[in-house]
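Chemist: Listed below, chain by chain, are the residues.
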Amino acid sequence: MKYIDEFRQQNLAKQLAGAIAQAVDPNRHYRLMEFCGGHTHAIFRYGVQDLMPTNVEFIHGPGCPVCVLPIGRIDNAIQLVEQHDVILCTYADLVRVPGSAGSRPAAALPPSVAVATGRNSLLKAKAAGGDIRMIYSTQDALKIARDNPCKQVVLFAIGFETTTPPTAVAIKQAQAEGLSNFSVFCNHVLTPAAMQAILDAPEPVQIDAFLGPSHVSSVIGCKPYETFAEHYGKPIVIAGFEPLDVMQSALMLIRQLNDGRHEVENEYTRAVTRDGNLKAQALVSEVLELRPEFEWRGLGLIANSALKLKETYADFDAERRFDMPAIQASDVKGCECPAILRGAKKPQDCKLLGTVCTPENPMGSCMVSSEGACAAYWSYGRVRQG
Amino acid sequence: MCLALPAQIQQIDATMQMAIVSVGGVKVEVSLALVDDVHAGDYVLVHVGYALNKIDEDEAIKTLALFAEAGLTAS
Numbered sequence: 005m006k007y008i009d010e011f012r013q014q015n016l017a018k019q020l021a022g023a024i025a026q027a028v029d030p031n032r033h034y035r036l037m038e039f040c041g042g043h044t045h046a047i048f049r050y051g052v053q054d055l056m057p058t059n060v061e062f063i064h065g066p067g068c069p070v071c072v073l074p075i076g077r078i079d080n081a082i083q084l085v086e087q088h089d090v091i092l093c094t095y096a097d098l099v100r101v102p103g104s105a106g107s108r109p110a111a112a113l114p115p116s117v118a119v120a121t122g123r124n125s126l127l128k129a130k131a132a133g134g135d136i137r138m139i140y141s142t143q144d145a146l147k148i149a150r151d152n153p154c155k156q157v158v159l160f161a162i163g164f165e166t167t168t169p170p171t172a173v174a175i176k177q178a179q180a181e182g183l184s185n186f187s188v189f190c191n192h193v194l195t196p197a198a199m200q201a202i203l204d205a206p207e208p209v210q211i212d213a214f215l216g217p218s219h220v221s222s223v224i225g226c227k228p229y230e231t232f233a234e235h236y237g238k239p240i241v242i243a244g245f246e247p248l249d250v251m252q253s254a255l256m257l258i259r260q261l262n263d264g265r266h267e268v269e270n271e272y273t274r275a276v277t278r279d280g281n282l283k284a285q286a287l288v289s290e291v292l293e294l295r296p297e298f299e300w301r302g303l304g305l306i307a308n309s310a311l312k313l314k315e316t317y318a319d320f321d322a323e324r325r326f327d328m329p330a331i332q333a334s335d336v337k338g339c340e341c342p343a344i345l346r347g348a349k350k351p352q353d354c355k356l357l358g359t360v361c362t363p364e365n366p367m368g369s370c371m372v373s374s375e376g377a378c379a380a381y382w383s384y385g386r387v388r389q390g
Numbered sequence: 046m047c048l049a050l051p052a053q054i055q056q057i058d059a060t061m062q063m064a065i066v067s068v069g070g071v072k073v074e075v076s077l078a079l080v081d082d083v084h085a086g087d088y089v090l091v092h093v094g095y096a097l098n099k100i101d102e103d104e105a106i107k108t109l110a111l112f113a114e115a116g117l118t119a120s
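Here the protein sequences come in this chain order: X and V.
Residue numbers for the first sequence follow this note's numbering, so the first one is 5 and each next one is one higher.
Residue numbers for the second sequence follow this note's numbering, so the first one is 46 and each next one is one higher.
Bear in mind the hints are in silico, worked out from the structure with no lab data behind them.
Wrong hints could be hidden among the right ones.
To be verified - Now the in silico label distances, taken between C-beta atoms and shown as ranges:
| id | chain 1 | residue 1 | chain 2 | residue 2 | range |
| --- | --- | --- | --- | --- | --- |
| 1 | X | M5 | V | H84 | 13 to 23 Å |
| 2 | X | E234 | V | E114 | 22 to 32 Å |
| 3 | X | K314 | V | D82 | 25 to 35 Å |
| 4 | V | V68 | X | L305 | 32 to 42 Å |
| 5 | X | A25 | V | D81 | 36 to 46 Å |
| 6 | X | G182 | V | K72 | 23 to 33 Å |
| 7 | X | K355 | V | G86 | 52 to 62 Å |
| 8 | X | D204 | V | G70 | 43 to 53 Å |
| 9 | V | G86 | X | A286 | 18 to 28 Å |
| 10 | V | E114 | X | D204 | 35 to 45 Å |
| 11 | X | K314 | V | D81 | 19 to 29 Å |
The structure presented is a predicted model; accordingly, all values stated were derived computationally and were not measured.
Positions of the beta carbon are idealized from the N, C-alpha and C atoms, including for glycine.
Can you make the complete structure from the sequences, with help from the hints?
Modeler: Following this line, the structure appears as C-alpha cells:
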C-alpha cells in the first residue's frame, strides 16, 4: 500500500540501525518514551527493539485511550445500558474491558435485561440482553439514532485528540438535525496534559526524551509541545507509526540528547504541520471545553486533561441527561496496568501477564486494547523476556 | 485507537461532505467534514470513518530520502 510499504523497507531499516549504532554514546543510557500505543506495537511487531543498541530503551507510555479510561467510567456505561435501557454505541475495544465486580440487583433492571455476574464488561452486559452496538464511525451512531427514534442512543465517546473531532462533528450534526434521542458520554482526553503528569508525578519515571504522537499531532500540530519541551528540557520528535518512522525519530532524539538540545522536531511531516488541522480544532473548540480535572487509570486525577460538552450543546450531554454518579472502582488484584501506564513497570513485571491475563481473558485494559503494552508483549512473544 | 490508514479518494459527494476512498483496494465511505480542499486522487489519512488530513506527497518523498541519507552516513 502506498505510504505504508515504503516505510517498512528492510534495507532502509538496516541502514537506519547502522546510523543509530554509530550515533549512540556507549557511556550513556537513552530512555525514550513512546507516548502512543501505536508506537509500542510498531516497536515489537517489526522488531525495532532488536535493531537498537542495548543502551537505547523504549519506555511505553499511556497513549492508549482504552487503557487509561478509569474502570468507573466503564461501570457508568454499563449502568446506562442496564438501568436506563439505552442503545449504547461504542468503539469495539471497549466492550471487553473489565468493569467492577458485581452488578446491580436484579429488581433494579428492566425485565428484559438479566443480571451479569462477576466482573462485568460491556460484552457481558450485551450477552445479558443489553443493546450495545459496536460502531466504526460516529456517523454509524447517528444513523442508529435516526433509525430508532423511540430509544435513547448514547455514543460512548473515548479517545485522544485524533478521535475527538469526529465526536464534535456528530454532536453538531445531531443538533442541526434535531436528533433529540442522541447524546454523548464524553471521555475525550488530552495528550500534552498526560505527558506533563508523567513528569510531574511525585516519583517520576526517568525519561530522557519523547517520541511524540503521530495522529494526535496531525490534529493539534507540533506547537502545543513547544512550551513542554522548553519547560521540562526534554526533546520531542513527532513520529509516524511505521517502523522506519520510529527508527528515524529515535535517531533524531539520540542526536538531540548528544547535542544537549531539547527541541520539538517533526519526523512525520507528510501528515503533521506546526499548526495541525485548524478546521478540526475549530470544530472541537466550538462544541467541547476543558473539564477542571479528569481521572486517568494509572495517572490519577489530572487537571485540564479532558473535555466535556459546552453549555450550548448540553442537551446532547449524556452525563446531564441521565443520572450518572461518579464511581470509584479498583483494579483487579495483582494487575499492574496502572504502573505500566506510567512507564514505571514493563508488562513482563506483571505476574498476571500470560498466566491468567491473556487477550481472550483480559484482567486489565492494557491487555484488552490492540494498542495496549501488555497486548503487544503477548502478541509478539515478549512474555518471558527479562 | 489513534491508528489511521492512508487512503486514496475515488469519488467526492460535495453536498453530503462524503467520499468513497480506496484503502489498499477496499472501498470505504468516509466523511470529509474535517478536511478542506481535497480532490479525487488525493491521499488522505482515514480515522474512524473520517478523512483526518491530506498526505503531503513531497514531504513523504523527503522523509524517505532522509532515511536513505542516514544509511549513507552509517556505512
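Chemist: If you check each hint against the structure, which ones fail?
Modeler: none
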